[in-house]
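Respectively, the protein sequence lines represent chains B and E. Note that the working numbering has the first sequence beginning at 839, numbered continuously upward. Note that the working numbering has the second sequence beginning at 3, numbered continuously upward.
Hint data in this document are derived by calculation from the structure and do not stem from the laboratory. Misleading hints may appear alongside valid ones.
[As the list claims (entries may be wrong)] Distance condition first, Cα-Cα at most 27 angstroms in a straight line; then the derived DSSO-like pairs of lysine-lysine:
#: 1; chain 1: E; residue 1: 132; chain 2: E; residue 2: 113
#: 2; chain 1: B; residue 1: 860; chain 2: E; residue 2: 14
#: 3; chain 1: E; residue 1: 113; chain 2: E; residue 2: 79
#: 4; chain 1: E; residue 1: 106; chain 2: E; residue 2: 79
#: 5; chain 1: E; residue 1: 106; chain 2: E; residue 2: 14
#: 6; chain 1: B; residue 1: 856; chain 2: E; residue 2: 14
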Amino acid sequence: MLDFLQRLLGRESERPSKEQAKERLRLVLVHDRANLSDDLLPALKDELLAVLSKYMEIDENELRVQLAQEDSQVALVANIPIRRIRRAAGFSHQGAGR
Amino acid sequence: MAGHVVVITSGKGGVGKTTTTANLAMALAQMGRRVVAIDADIGLRNLDVVLGLENRIVYDLVNVAEGACKLRQALIKDKRCDTLHLLPAAQTRDKTAITPDQMKTITAELKEEFDYVLVDSPAGIEQGFKNAIAGADAALIVTTPEVSAVRDADRIIGFLESSELHDPRLIINRVRPEMVRRGDMLSIDDVLEILSIELIGVIPDDEGIIVSTNRGEPVVLDPHSTSGQAYREIARRLEGESVPIVPPTPVADGWLGRLRRLIGLQSR
Ligand SMILES: Nc1ncnc2c1ncn2[C@@H]1O[C@H](COP(=O)(O)OP(=O)(O)OP(=O)(O)O)[C@@H](O)[C@H]1O
Ligand SMILES: [Mg+2]
Chain B
839 MLDFLQRLLG
849 RESERPSKEQ
859 AKERLRLVLV
869 HDRANLSDDL
879 LPALKDELLA
889 VLSKYMEIDE
899 NELRVQLAQE
909 DSQVALVANI
919 PIRRIRRAAG
929 FSHQGAGR
Chain E
3 MAGHVVVITS
13 GKGGVGKTTT
23 TANLAMALAQ
33 MGRRVVAIDA
43 DIGLRNLDVV
53 LGLENRIVYD
63 LVNVAEGACK
73 LRQALIKDKR
83 CDTLHLLPAA
93 QTRDKTAITP
103 DQMKTITAEL
113 KEEFDYVLVD
123 SPAGIEQGFK
133 NAIAGADAAL
143 IVTTPEVSAV
153 RDADRIIGFL
163 ESSELHDPRL
173 IINRVRPEMV
183 RRGDMLSIDD
193 VLEILSIELI
203 GVIPDDEGII
213 VSTNRGEPVV
223 LDPHSTSGQA
233 YREIARRLEG
243 ESVPIVPPTP
253 VADGWLGRLR
263 RLIGLQSR
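Kindly generate the complete structure, drawing on both the sequences and the hints.
Put into structure tokens, the structure is as follows:
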């Protein structure tokens, strides 16, 4: 009886559609925002390079930074070819103690 | 003191820019402000019919830009509220008939004489939109709580940022409280979380808007209309008053809704 009533009145066991709307919007806007501002990824690449260079020597020409779509998330994927790592001396953790 | 030029824009078409422009213009005028509404949707003139002023057009925006008439001559004065004026769009031309610089000149001249210059923007991000925002001091973005409209609104927000038009405010239009309640429509909070801009008002989906558009009488003229009330409140917020934003609530939801809750099929 209850079963019948539930069918009659439309059970709401499914995930509410607005959750899907939110999730899809979240993903699509990651791409839109990253792609629409022409200099977001290049700028990020430059800053990454600056930071990484303190620790290692990078092959700049082969450095790739891009967005990759996985099932339910977008990942920032970087391919960073290392020529060599600098010696341990000289990069004590700068943020510490401040 | 010079007035404000406020552009009403959206990205996606058909979400309610023209309806919003007409109602805010009327609401502000009824508060005693001197208002001119500009239809910047050249080739797809609409604001005139929504305001019910279509029979009185002599000159239009393009005529003014080309110097074929004086600005004053092209303004239509509303008979219901004599502080409201319309500067209509040209119907036989397209959006390239006017440039952003000409828009700037026209809006600059108008804001000397009016408290508010409201610009009804065409949809899209092309020249017509660029014309519409050219002389604007502030922007209102209209969206509905739907994926495509919200996405396009996000794009427009980015565009306005890079055009130095900062802090646009959002109007969420055509909200259906019953759908929000059962989780089938993005809520106000959902939309704000996604777009992260300031909200200036929420308009319910309302048949009365279609009726009022049929008649050419903006819904703010009806003191009992809930959507009219929502527009009047936005007008007061534009004036700087702090009026709390109350999201529309489901109207009495009938025996079916009550029955569903009674047998526990629905939370609240
Ligand atoms: N809150 C509302 N409730 C019901 N109907 C509405 C509401 N807002 C707008 N509409 C209807 O939606 C339609 C589109 O509205 P409107 O012309 O204002 O949109 P627009 O954004 O100016 O469109 P365009 O991009 O073509 O210029 C109209 O038929 C209007 O009556
Ligand atoms: Mg329109």
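Hint check:
Restraint check: the Cα-Cα separation between residue 132 of chain E and residue 113 of chain E comes to about 19 angstroms, which is no more than 27 angstroms; the hinted pair holds. Taken as a hint, the residue 860 of chain B and residue 14 of chain E pair is honoured in the structure, with Cα atoms around 18 angstroms apart against an allowance of 27 angstroms. The hinted pair formed by residue 113 of chain E and residue 79 of chain E meets the criterion: a straight-line CA distance of about 16 angstroms does not exceed 27 angstroms. Taken as a hint, the residue 106 of chain E and residue 79 of chain E pair is honoured in the structure, with Cα atoms around 22 angstroms apart against an allowance of 27 angstroms.
Our distance criterion of 27 angstroms between C-alpha atoms is met by residue 106 of chain E and residue 14 of chain E, whose separation comes to about 24 angstroms. As the CA atoms of residue 856 of chain B and residue 14 of chain E are separated by approximately 19 angstroms, the hinted pair is consistent with the 27 angstroms bound.
Of the hints listed earlier, there is not a single one the structure fails to meet.
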